[in-house]
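Use these hints to put chain B onto chain A, whose structure you have.
As you go down the protein sequences, you meet chains A and B in turn. Per the working numbering, residue 1 is the first one in the first sequence, and the count goes up by one each step. Per the working numbering, residue 403 is the first one in the second sequence, and the count goes up by one each step.
Treat the hints as calculated values from the structure; they're not laboratory data. Quick caveat: nothing in here was measured; it's all calculated off a predicted structure. Where is the CB? At the ideal position from N, CA and C, for every residue including glycine. Some hints could be false.
What the hints assert, rightly or not - The calculated lysine to aspartate or glutamate pairs, modelled on DMTMM-like cross-linking and capped at a C-alpha distance of 20 Å, are:
no. : chain 1 : residue 1 : chain 2 : residue 2
1   : A       : 110       : B       : 432
2   : A       : 272       : B       : 449
3   : A       : 110       : B       : 431
4   : A       : 110       : B       : 430
5   : A       : 110       : B       : 424
6   : A       : 110       : B       : 427
7   : A       : 272       : B       : 452
8   : A       : 110       : B       : 436
9   : B       : 404       : B       : 427
Unchecked claim - One side of the interface only, derived from the structure: several residues of chain B facing chain A at Cβ under 8 Å:
no. : residue
10  : 413
11  : 416
12  : 420
13  : 456
14  : 458
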Amino acid sequence: MSPQEHALPYPLTPESALEPPREWEGLRRECPVADVHLPNGAPAKLLTRHEDVKAMLADPRFERDIRVGSTAGDAGETGDDSADLSRMVPSTGENHLRWRRLVGRWFTAKRMRQLRPGMERIAEDLIRDMTASGQPADLKASLAFPLPVFVICDMLGVPAEDRERFSRWSDTLLNLTRYTGQEMQAAQREFVDYMAGHIEAKHAEPADDLISALIEQRESGEDGLDDTELLGTSMGLLIAGHETTANMIGKMVSMLLADRSRWERLVSDPSKVRTAVEESLRADANQGFGLTRMVTEDTEVAGETVPEGSAVVCSMAAANRDEHVFSDPDGMDLERVPNPHLAFGTGAHSCLGQALARTELQVTLEVLLRELPTLELASPPEHLERVEGLLVGGLREVPVRW
Amino acid sequence: MKITVDQDACCGAGQCVLIAPDVFDQREEDGIVELLEPEPGADLHADVHEAAQVCPTAAITLHDD
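So that you can see chain B by itself, here it is in the shape it has in the complex:
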């Protein structure tokens, strides 16, 4: 799995960080998403899928191998 995020679309809701804190973070200066782990291990896939599905601005895209 490979993740990309759209920082222009992100509204800083923080849902992804609450669900998968090892994969997503928010920038200090404006609360916009940043990726900690663009290719997370299989144990994190369920959380990452959930984060992408509930993101209010659909700013997370998953590319499955």
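For reference, chain A alone in the conformation it holds in the complex:
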């Protein structure tokens, strides 16, 4: 274990948009619990090994905190956290488990499979519009972004026409550096008002959507979400359904096209789509900030004591390239099995919407391979640019031709 002279600035900066930061390999090997400082200057510990990230994320003792490191500060500093999304949904213990099961029943693999035909139609329509307006095109704006937005809006029963507002709110709430605490609170207020109004309307006039179902679940006398939980859940799902999968579609297609032999292999054998999606999730070096835990008691990690009160940043993307778990971690093996990557986190808090995300990624890739087998990047992969400052990593544009 070589001691660090200086804390590293976090997030680390990669050489190019699809490549990992140079530091990861050395950190995993020699400094698995690294000192970093976050965008707001706060100190934290960075974990990069698969074993350590997995154990920390699955540890039920430690709370999540998505606001650690934001330059906008915490809503708590003004004493107003009534609209703080991260506090509206139970995040620990039995309460979290209850919430998870009440909402989880709507995100099962089987339900997602039923959404497939609808997703395929959306993908086909978006691809048709993209090709009709000529090449080169930005696959992110034409397909990667609108598809998950249409799907989650449809699931929640919110009008897709309002998507520009949702994009603005989620960009503000998921950005670490660009906005002030006041701007964040204003966005959150607007978003709360919008969603509360929407829930009210569903109450008066239920329809075939998730929010109506969650209301009905409670009113039928079963256990159900209370008002705050319902509001927080609806907002959380809308935001989570927005940025994460949208960015992942763009990154997945870029990675598969960056070495076009990958794309060609899938065109000739689309049965590899499922494992290719998992490998893309694993190989995504631009996953974003990672997940943070507040360590509430002295804890041993990789033979070191992480003191009580530390903020710990778990880099799932660094862990996903750990050579102790994945052979040839910097390559892409489109048939890798098993692929125990941590892109969705792990343990009791792993992503609630992962079956939805997987289905969207699989459908998008299948339809693209079928409709546009000649797809290629319209500029060299090293010219792709990352979106800066977001908790969720993405590419600004994905220029393609066909």
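Chain B alone, transformed into the frame defined by chain A:
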């Protein structure tokens, strides 16, 4: 091969159902895993192994004969 699942540990991620839908399902009422086929045939063993290896809460245990 004999499979057991830990429904208290399960978080309803659905990976097992996506990988081996003939063996695993999720309960309607809460999305928690349930076994359709506790002793699957040899043709399903590879998928079942994969499902167990990637389960985010290690809720699937395999007992080889």
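Tested hints:
1. A:110 with B:432: Satisfied, since the Cα-Cα distance of roughly 13 Å is no more than 20 Å.
2. A:272 with B:449: holds, 14 Å
3. A:110 with B:431: holds, 13 Å
4. A:110 with B:430: Holds: residue 110 of chain A and residue 430 of chain B sit about 9 Å apart, inside 20 Å.
5. A:110 with B:424: holds, 12 Å
6. A:110 with B:427: With a Cα-Cα distance of about 8 Å, the restraint between residue 110 of chain A and residue 427 of chain B holds, given a limit of 20 Å.
7. A:272 with B:452: holds, 15 Å
8. A:110 with B:436: holds, 13 Å
9. B:404 with B:427: holds, 16 Å
10. 413: holds, 5 Å
11. 416: With a minimum Cβ separation of about 3 Å from chain A (threshold 8 Å), the hint on residue 416 of chain B holds.
12. 420: Holds, about 5 Å.
13. 456: holds, 5 Å
14. 458: holds, 4 Å
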